[in-house]
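Protein sequence lines correspond, in order, to chains V and R. The first sequence finishes on residue 222 if you use the working numbering, and the numbering steps up by one all the way, no holes. The second sequence finishes on residue 83 if you use the working numbering, and the numbering steps up by one all the way, no holes.
Accuracy of the hints is not assured; some may be wrong.
Claimed, not checked - Straight-line distance between alpha carbons at most 27 Å, and here's what the computed DSSO-like set of lysine-lysine pairs gives: (1) V:K108 x R:K41; (2) R:K41 x V:K76; (3) R:K41 x V:K140; (4) R:K11 x V:K140.
Stated by the list, open to error - Sample of chain R residues lacking proximity to chain V, with all beta carbon distances greater than 10 Å (derived): (5) M1; (6) R3; (7) E44; (8) R55; (9) V71; (10) D74; (11) F75; (12) V77.
What the hints assert, rightly or not - Here are a few chain R residues that sit away from chain V, every Cβ distance over 10 Å (derived from the structure): (13) Q18; (14) R42; (15) E54; (16) L67.
None of these hints come from the bench; they were simulated from the model. Virtual Cβ for every residue (Gly too), placed ideally from N, Cα, C.
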Amino acid sequence: MRIGVVTFPGSLDDRDAQRAARAAGAEAVALWHGDTSLSGVDAVVLPGGFSYGDYLRCGAIARFAPIMTEVIAAAKGGMPTLGICNGFQILCESHLLPGALVRNDRRKFVCRDQRLRVENASTAWTSAYDAGQEIVIPLKNGEGGFIADDETLDRLEGEGQVVVRYLDGNPNGSYRDIAGICNEAGNVVGLMPHPEHAIETLVGPTTDGLGFFTSVLRVAVS
Amino acid sequence: MSRVVVDVMPKQAILDPQGQAVHGALGRLGFAGISEVRLGKRFELEVDGELTEERLAEVRCAAETLLANTVIEDFTVRVEAAG
Chain V
1 MRIGVVTFPG SLDDRDAQRA ARAAGAEAVA LWHGDTSLSG VDAVVLPGGF
51 SYGDYLRCGA IARFAPIMTE VIAAAKGGMP TLGICNGFQI LCESHLLPGA
101 LVRNDRRKFV CRDQRLRVEN ASTAWTSAYD AGQEIVIPLK NGEGGFIADD
151 ETLDRLEGEG QVVVRYLDGN PNGSYRDIAG ICNEAGNVVG LMPHPEHAIE
201 TLVGPTTDGL GFFTSVLRVA VS
Chain R
1 MSRVVVDVMP KQAILDPQGQ AVHGALGRLG FAGISEVRLG KRFELEVDGE
51 LTEERLAEVR CAAETLLANT VIEDFTVRVE AAG
């Protein structure tokens, strides 16, 4: 399986996402924001960082990068697509996921090991987990507050589109402690915490994040 | 050439931490009697040629597409009188 990782100007975590893909057993394919082709990959990761300097709004300019035309079409067509942190912001700005990410309610950049509960273990990126499983992976963001109107939040809850939820305190004011969501089909997932930073104990708090990447391999096999 | 101003503001229902931070600072500096501060963005667009209704509609479209995220922000478009 080939997992493409898009590098935008200002991406920081693209190399870590590539490593995580390889650790899970996939071939990592580097994609460039100016590309107009997905090079035949089977899944796409939009990594963390500060695409285009996060000028205007986080992810707002990246959403119009040439490669996003292909990513949006492929995601709508069912390709597994994962947005982590800045990638989550890009998915919301692209309207592939509902809602928006706004500045943390405490006005501070938050960096900590974050406990989460996997609420939905049937998405393309979470099938390696059990529903209700608790994991610890790093969180680092300044604009990670997930917000949407009540109608959208109720729909996300009702349709099982809340994928991961914050435990041990809400770090950024996200509505209903939501840390990550998916689209209706479950192939597009966005989350603020960083599973790619928790794939080996040498440099991460746990190996809990690896499941996101092994999950998508199962999709390819099945 | 005409100047069109697009003002983008966080929606009233949305928490505005930047505005709150400024509000707190104003209070600490002794500027009393300010009950709320909301902080937004102002875009000044220089539009070539005559500013027809069509051109203005394009600017509104640009504001809605890129300049504002209408999930969290409201925007207004107005023509600034030539100085």
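Taking the hints in turn, this is what the structure says about them:
1. V:K108 x R:K41: holds, 21 Å
2. R:K41 x V:K76: violated, 32 Å
3. R:K41 x V:K140: Since the Cα atoms of K41 (chain R) and K140 (chain V) sit roughly 26 Å apart, the hinted pair holds (cutoff 27 Å).
4. R:K11 x V:K140: Holds, because 26 Å separates the two Cα atoms, which is no more than 27 Å.
5. M1: holds, 23 Å
6. R3: Fine: 20 Å to the nearest Cβ keeps R3 (chain R) off the interface.
7. E44: holds, 15 Å
8. R55: holds, 21 Å
9. V71: At roughly 4 Å from the nearest Cβ of chain V, V71 (chain R) sits no farther out than 10 Å, so the non-interface label is violated.
10. D74: holds, 13 Å
11. F75: holds, 13 Å
12. V77: Per Cβ check, V77 (chain R) is outside 10 Å of chain V; nearest 17 Å; holds.
13. Q18: Incorrect as stated: the minimum Cβ-Cβ distance to chain V is 7 Å, not above 10 Å.
14. R42: Consistent with the label, R42 (chain R) stays out of reach of chain V, its closest Cβ about 13 Å off (over 10 Å).
15. E54: About 22 Å separates E54 (chain R) from the closest Cβ of chain V, which puts it past 10 Å; holds.
16. L67: violated, 7 Å
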